[in-house]
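Undergrad: Chains A and B, in that order, are what the protein sequence lines are. Plus 119 on top of the position in the first sequence (first one is 1) and you've got the numbering used here. Plus 51 on top of the position in the second sequence (first one is 1) and you've got the numbering used here.
None of these hints come from the bench; they were simulated from the model. Hints are supplied without guarantee of correctness; some may be wrong.
[Said to hold, decoys possible] Heads up, simulated EDC-like pairs for lysine to aspartate or glutamate below, C-alpha to C-alpha not over 20 Å straight-line:
1) B/424 to A/799
2) B/424 to B/406
3) B/233 to B/171
4) B/424 to A/826
5) B/246 to B/436
6) B/140 to B/168
7) B/424 to A/752
8) A/861 to B/450
9) B/424 to A/763
None of the values given here were measured: they were computed from a predicted structure.
Residue-level listing of the chains:
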Amino acid sequence: MKSSPKRSASQIPNNLPPRPSPFVNRETEIQQAINALLDSQVSVAALVGIAGIGKTTLALEIAHRLLSRGDFTGGIIWLPARNLRSSDDIIGIVETTLGVSRAEIRAWLNSHQCLVVLDGLDEIDKQHESTVERFLIELLPSKVLVTSRKHLEVLSPTVVVEVGALDEKASVELFSLLWGQQRELSSAERQTAAEIARALGNHPLAITIAAGLVRGDYAETRNLALQASDILGELENKQERAALLHTLASSAQAQGDYSGAELLYQQSLEVEEQLGDLQGKSATLNNLAQIYFTRGDLDRALALYFESLEIKERLGDLQGKSATLNNLAQIYFTRGDLDRALALYFESLEIKERLGDLQGKSATLNNLAQIYFTRGDLDRALALYFESLEIKERLGDLQGKSATLNNLAQIYFTRGDLDRALALYFESLEIKERLGDLQGKSATLNNLAQVYFARGDLDGALRLYQESLALTERLGDIRGKSAALNNLAQVYFARGDLAGALRLYQESLALTERLGDIRGKAAVLHNLAQIYSTRGDLAGALHLYQESLALTERLGDIRGKAAVLHNLAQIHFARGDLDGALRLYQESLVLLEQIGLPQELERVKNARALVLNELGKQYVEQGRWYDALHLFEENLAIYRQGNDLDARADTIYQIARVHHLLGNLDKARTHYRDALRLYEHTQNQSGIATCKTGLGRLMIQMGFLEDAIRELEAAKQICQQMGANQRMAEIEEVLQIANHVKEKQRI
Amino acid sequence: MSEADGIFDELTDTLSRWGLDEIPFSESASSLGISQLREVFTGRTEELREVLTLFQGRERKRILVYGWVGIGKTAFILEILSVLQRKAKDTLATYISLPPETDLATAALVALARKMEDDEWAQHQLNLMGLRPRKRPVQKTGRGKAGIASIGVEAEETTVPVTSPRFPALSFEDLLERALKKYSRVVIAIDDLDKQDPARVRELLRNDQGLLKSGAWFMLTGHPSGLTRDILTSDLGLFDLAIELKALDQATTYRMLVNYLNSARSKRIRYNFDDPSAVRPFTPETARILCERSDGVPRWLNRLGSYVLLKAATIGADLVTEDVLQQGLEYAARQLRGQSGLTAEDYYVLDLVLEKRTLSDETVTLTDLERLKVREFSEILPILEKLVQYDLLRRLPSERVAQYEPTPLLIGKTEPKEEKD
Numbered sequence: 120m121k122s123s124p125k126r127s128a129s130q131i132p133n134n135l136p137p138r139p140s141p142f143v144n145r146e147t148e149i150q151q152a153i154n155a156l157l158d159s160q161v162s163v164a165a166l167v168g169i170a171g172i173g174k175t176t177l178a179l180e181i182a183h184r185l186l187s188r189g190d191f192t193g194g195i196i197w198l199p200a201r202n203l204r205s206s207d208d209i210i211g212i213v214e215t216t217l218g219v220s221r222a223e224i225r226a227w228l229n230s231h232q233c234l235v236v237l238d239g240l241d242e243i244d245k246q247h248e249s250t251v252e253r254f255l256i257e258l259l260p261s262k263v264l265v266t267s268r269k270h271l272e273v274l275s276p277t278v279v280v281e282v283g284a285l286d287e288k289a290s291v292e293l294f295s296l297l298w299g300q301q302r303e304l305s306s307a308e309r310q311t312a313a314e315i316a317r318a319l320g321n322h323p324l325a326i327t328i329a330a331g332l333v334r335g336d337y338a339e340t341r342n343l344a345l346q347a348s349d350i351l352g353e354l355e356n357k358q359e360r361a362a363l364l365h366t367l368a369s370s371a372q373a374q375g376d377y378s379g380a381e382l383l384y385q386q387s388l389e390v391e392e393q394l395g396d397l398q399g400k401s402a403t404l405n406n407l408a409q410i411y412f413t414r415g416d417l418d419r420a421l422a423l424y425f426e427s428l429e430i431k432e433r434l435g436d437l438q439g440k441s442a443t444l445n446n447l448a449q450i451y452f453t454r455g456d457l458d459r460a461l462a463l464y465f466e467s468l469e470i471k472e473r474l475g476d477l478q479g480k481s482a483t484l485n486n487l488a489q490i491y492f493t494r495g496d497l498d499r500a501l502a503l504y505f506e507s508l509e510i511k512e513r514l515g516d517l518q519g520k521s522a523t524l525n526n527l528a529q530i531y532f533t534r535g536d537l538d539r540a541l542a543l544y545f546e547s548l549e550i551k552e553r554l555g556d557l558q559g560k561s562a563t564l565n566n567l568a569q570v571y572f573a574r575g576d577l578d579g580a581l582r583l584y585q586e587s588l589a590l591t592e593r594l595g596d597i598r599g600k601s602a603a604l605n606n607l608a609q610v611y612f613a614r615g616d617l618a619g620a621l622r623l624y625q626e627s628l629a630l631t632e633r634l635g636d637i638r639g640k641a642a643v644l645h646n647l648a649q650i651y652s653t654r655g656d657l658a659g660a661l662h663l664y665q666e667s668l669a670l671t672e673r674l675g676d677i678r679g680k681a682a683v684l685h686n687l688a689q690i691h692f693a694r695g696d697l698d699g700a701l702r703l704y705q706e707s708l709v710l711l712e713q714i715g716l717p718q719e720l721e722r723v724k725n726a727r728a729l730v731l732n733e734l735g736k737q738y739v740e741q742g743r744w745y746d747a748l749h750l751f752e753e754n755l756a757i758y759r760q761g762n763d764l765d766a767r768a769d770t771i772y773q774i775a776r777v778h779h780l781l782g783n784l785d786k787a788r789t790h791y792r793d794a795l796r797l798y799e800h801t802q803n804q805s806g807i808a809t810c811k812t813g814l815g816r817l818m819i820q821m822g823f824l825e826d827a828i829r830e831l832e833a834a835k836q837i838c839q840q841m842g843a844n845q846r847m848a849e850i851e852e853v854l855q856i857a858n859h860v861k862e863k864q865r866i
Numbered sequence: 052m053s054e055a056d057g058i059f060d061e062l063t064d065t066l067s068r069w070g071l072d073e074i075p076f077s078e079s080a081s082s083l084g085i086s087q088l089r090e091v092f093t094g095r096t097e098e099l100r101e102v103l104t105l106f107q108g109r110e111r112k113r114i115l116v117y118g119w120v121g122i123g124k125t126a127f128i129l130e131i132l133s134v135l136q137r138k139a140k141d142t143l144a145t146y147i148s149l150p151p152e153t154d155l156a157t158a159a160l161v162a163l164a165r166k167m168e169d170d171e172w173a174q175h176q177l178n179l180m181g182l183r184p185r186k187r188p189v190q191k192t193g194r195g196k197a198g199i200a201s202i203g204v205e206a207e208e209t210t211v212p213v214t215s216p217r218f219p220a221l222s223f224e225d226l227l228e229r230a231l232k233k234y235s236r237v238v239i240a241i242d243d244l245d246k247q248d249p250a251r252v253r254e255l256l257r258n259d260q261g262l263l264k265s266g267a268w269f270m271l272t273g274h275p276s277g278l279t280r281d282i283l284t285s286d287l288g289l290f291d292l293a294i295e296l297k298a299l300d301q302a303t304t305y306r307m308l309v310n311y312l313n314s315a316r317s318k319r320i321r322y323n324f325d326d327p328s329a330v331r332p333f334t335p336e337t338a339r340i341l342c343e344r345s346d347g348v349p350r351w352l353n354r355l356g357s358y359v360l361l362k363a364a365t366i367g368a369d370l371v372t373e374d375v376l377q378q379g380l381e382y383a384a385r386q387l388r389g390q391s392g393l394t395a396e397d398y399y400v401l402d403l404v405l406e407k408r409t410l411s412d413e414t415v416t417l418t419d420l421e422r423l424k425v426r427e428f429s430e431i432l433p434i435l436e437k438l439v440q441y442d443l444l445r446r447l448p449s450e451r452v453a454q455y456e457p458t459p460l461l462i463g464k465t466e467p468k469e470e471k472d
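I would like the entire structure built from these sequences, with the hints used as guidance.
TA: See below:
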């Protein structure tokens with residue numbers, strides 16, 4: 120073989136994929152390979168190592184380096200082995216790359232120095248193996264660079280370059296590069312990176328997946344994971360195996376593939392138990408528990424967390440213990456057992472303080488705040504969030520800061536302070552963008568949209584929700600997508616586009632079912648039901664609410680259950696089933712009292728009071744006066760505690776009416792006057808007229824005709840101003856009677 | 052001799068100077084014996100005549116005695132009962148004050164059963180209801196009215212819970228049947244209906260119509276507001292006679308005062324009404340003022356009289372002069388205001404009425420009510436009624452309005468009398 124003079128890279132024919140980036144230090148291996156390839160005695164250099172260890176990347180890097188060096192002037196041919204079926208495939212690629220016809224290949228190869236890179240020799244189907252082998256032989260005297268998982272003695276002489284795990288420095292660098300993308304990592308983050316990399320046995324593919332997870336880039340992670348799952352069987356080192364299983368499981372979990380994740384975690388558990396790796400086991404238990412939690416299997420989740428907790432305590436792992444306490448607390452919270460959740464969080468907080476773990480402390484403060492928020496104790500929640508925020512700022516934890524800003528914003532939002540809420544959300548959004556946290560950005564966009572929605576700016580809300588939705592699709596975040604669809608639907612609903620809203624809800628529903636996300640499903644069913652209800656399809660709405668109810672029961676979600684019961688009651692009420700409505704309201708009230716949610720309790724009580732009033736009116740018509748009275752009095756007791764004066768006056772008027780019918784004229788009079796006084800205060804003209812009419816009639820019965828006429832005239836005038844002609848006519852009739860009696864009296 | 056002994060002797064001394072064995076008036080719940088009632092019961096001649104006339108007849112009658120608080124309804128029916136007891140031997144008369152949460156039939160049953168102490172079945176009924184049967188009626192210190200307590204009958208303590216039988220009306224009828232075997236006439240007096248909410252009383256009467264149509268005579272006391280007119284004019288036709296007890300006129304009040312004072316004097320001394328010494332230690336003038344202030348309401352006469360004499364005794368006055376009377380009246384006002392059992396809320400309401408001089412469901416404003424932490428007049432009605440029971444307020448007799456004003460007892464000083472409608 121003549122040694123041709125070197126050429127510049129641009130002149131060398133090749134079909135190399137782009138240079139790998141990032142690429143971390145593998146100098147040893149690179150030099151070994153290059154030396155081998157440049158050695159005239161060697162025909163083949165083989166890069167051998169376990170799956171995902173970076174052989175392909177390495178081969179590519181080597182090829183590019185050689186390209187730059189200009190050694191193989193004949194050309195560098197990249198053959199991805201898995202695509203090769205026959206010699207024809209190989210010839211095809213060679214033809215195209217070199218720009219020569221089939222017939223001329225032989226001649227070319229003989230006259231030029233070429234390099235053939237065969238990536239993934241071991242991936243070639245058995246049946247094609249011999250074909251490829253033969254062709255490779257024919258390719259000589261070109262040099263061949265082969266990557267393979269196993270050592271294949273295919274050609275000789277072969278120099279084998281073992282490709283092993285990265286050294287620690289390189290692996291940290293890889294992780295950092297993948298995680299941080301464009302920016303510098305803080306030292307804390309670098310440390311975390313080192314830990315993770317170490318845990319993963321410094322295995323490049325595992326590191327890449329993990330980094331992808333950390334970044335929240337699920338789509339890419341998914342692809343890699345698919346790749347990686349092929350190689351599990353190869354791993355002999357149990358540690359690495361467990362680590363990779365764990366990583367794959369996390370990836371699957373993030374994708375929403377819960378059954379897949381569950382399987383992988385359980386496999387991981389097995390290995391960890393074999394290894395006696397308690398720490399790893401408890402971590403896996405935690406992750407599994409989370410899956411069960413998302414699926415709604417709270418009992419199982421609890422059991423696993425307790426198991427994990429026990430291990431942590433045995434290990435004396437306070438940090439881990441407090442994290443698990445937090446997880447447990449979250450479940451109790453979901454169940455509505457707020458007291459227990461509080462207790463656990465406080466326990467966790469105490470540990471964090473003892474450990475001086477500020478980060479953890481602030482996270483737990485956030486959790487505590489959330490509970491107080493749920494209870495309606497907004498002041499306390501605010502105080503806790505501010506405390507947490509201060510810590511985050513001190514720690515320079517931007518991610519955490521933005522999350523806490525979101526929480527604060529939510530409270531202001533609940534209070535109705537929309538401006539402040541907006542300001543905080545924007546601040547948070549800015550941080551998320553700075554951090555490149557797409558997941559968080561999409562969530563914050565959602566929140567912002569909510570505020571715009573509350574302001575009535577439907578267009579603005581729509582825009583933001585759509586932006587958020589686009590992000591979730593980009594991220595492959597199914598959960599987020601289903602939530603975004605839900606929110607979008609709300610805007611359509613508010614616009615009156617029921618069909619559009621329906622469509623979106625159904626899409627969201629489908630996603631929740633795919634995820635096995637029971638909580639989400641219950642929520643969407645609930646919203647769907649509202650649409651049906653608005654459309655007048657009460658039967659349909661009923662059916663959906665009942666489905667949603669069943670789910671909340673399964674979840675042990677007391678708060679959600681109470682809300683659905685409330686809506687169910689309203690439907691029964693709309694259908695005229697007053698007893699049914701009351702029964703359901705009662706059920707809802709009992710639950711709300713259990714969890715202690717004063718605001719919602721009041722809302723339900725008020726809704727129930729309306730039904731009671733209707734029922735009372737029915738009783739009056741049926742002649743069940745004493746029963747009606749008891750109902751109205753029950754209602755009045757409720758209204759006396761609230762501030763809705765009109766509703767209160769309505770009820771007092773009803774009571775007056777019943778007493779009037781019963782003949783308790785003294786009481787009737789007092790009550791009419793009480794109702795009248797309240798109506799005058801709220802300037803409820805209709806109510807004033809009604810009361811005065813009642814009083815007028817009463818006065819006639821009692822014989823005080825002057826008073827009667829005076830009241831009736833006043834009532835008539837009001838009806839006139841209101842344009843209520845029917846009522847005016849009725850009052851006129853009564854006035855006639857009064858005047859008639861007055862005449863008679865005079866005689 | 053201790054200081055207390057000294058004080059006691061001093062007081063006894065003063066009273067004996069007045070010619071009294073004791074202060075005959077009562078604050079509220081003490082008892083006067085049968086004989087005492089006979090001594091102090093004054094006036095009501097027409098009303099007595101009306102009622103007693105009925106008792107000359109054979110057919111059973113239902114009588115309603117109504118009037119404002121303290122006007123003497125209980126005394127009246129007890130007087131009727133005691134007359135019957137003395138004069139009509141074939142009559143079984145019994146009295147009960149209506150316990151709270153009890154229906155009329157049960158009350159009637161209890162009253163009758165208590166009187167039939169020899170009847171085993173009757174005693175058994177009492178047992179079932181959780182009441183102890185008695186062998187003999189006991190002079191019990193019950194919640195009498197205006198010092199006139201239960202005579203030879205049980206006056207129920209208001210806090211005794213009675214377990215109603217399942218069918219009280221039927222049980223009553225059974226018992227009545229048994230009673231009518233021994234007596235030609237059974238009279239049941241149920242008192243204190245006016246303590247209950249008038250609406251509830253209506254309900255009670257409605258529910259126990261059958262009772263009132265049974266073979267027993269009934270005397271019930273009632274509340275004038277709303278109840279009476281409706282009961283009488285309704286188709287139910289529950290009562291044969293409704294007697295209104297109005298305020299006594301001045302002359303009668305004066306005579307009542309004399310009777311009270313006489314009842315505390317030694318048996319041999321009984322003054323005539325026109326004898327100035329009859330009202331000793333009052334002077335005729337101060338006696339007159341006292342009667343005026345009492346406004347013809349026997350209860351008020353008792354309360355004022357009692358406080359005035361207490362004050363007079365404390366300062367050791369020989370006579371109740373105008374000055375002493377004044378002091379006594381002021382003392383009364385203070386004591387009445389400071390009665391135990393009044394809560395802070397009660398005082399808020401009382402002060403509002405005092406401030407506005409009168410309070411009604413027509414004229415009260417939302418601001419007034421909000422001061423009292425309420426928004427409805429109905430919410431303070433129970434307090435107003437309570438204050439009436441405590442003799443601090445009175446309700447004016449009008450159906451147009453529910454109007455309350457302070458009683459003359461609260462106004463410490465003597466003021467020129469105002470016209471009332």
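Undergrad: Hints first: check each against the structure and report whether it holds.
TA: Against the structure, the hints:
1. B/424 to A/799: holds, 19 Å
2. B/424 to B/406: holds, 17 Å
3. B/233 to B/171: Judged against 20 Å, a Cα distance of about 14 Å means the pair holds.
4. B/424 to A/826: violated, 30 Å
5. B/246 to B/436: holds, 9 Å
6. B/140 to B/168: holds, 17 Å
7. B/424 to A/752: holds, 19 Å
8. A/861 to B/450: Holds - the C-alpha atoms of residue 450 of chain B and residue 861 of chain A are around 18 Å apart, at most 20 Å.
9. B/424 to A/763: Given that 20 Å is the threshold and the Cα spacing comes to 16 Å, the pair holds.
Hint violations for this structure: number 4 only, all remaining hints satisfied.
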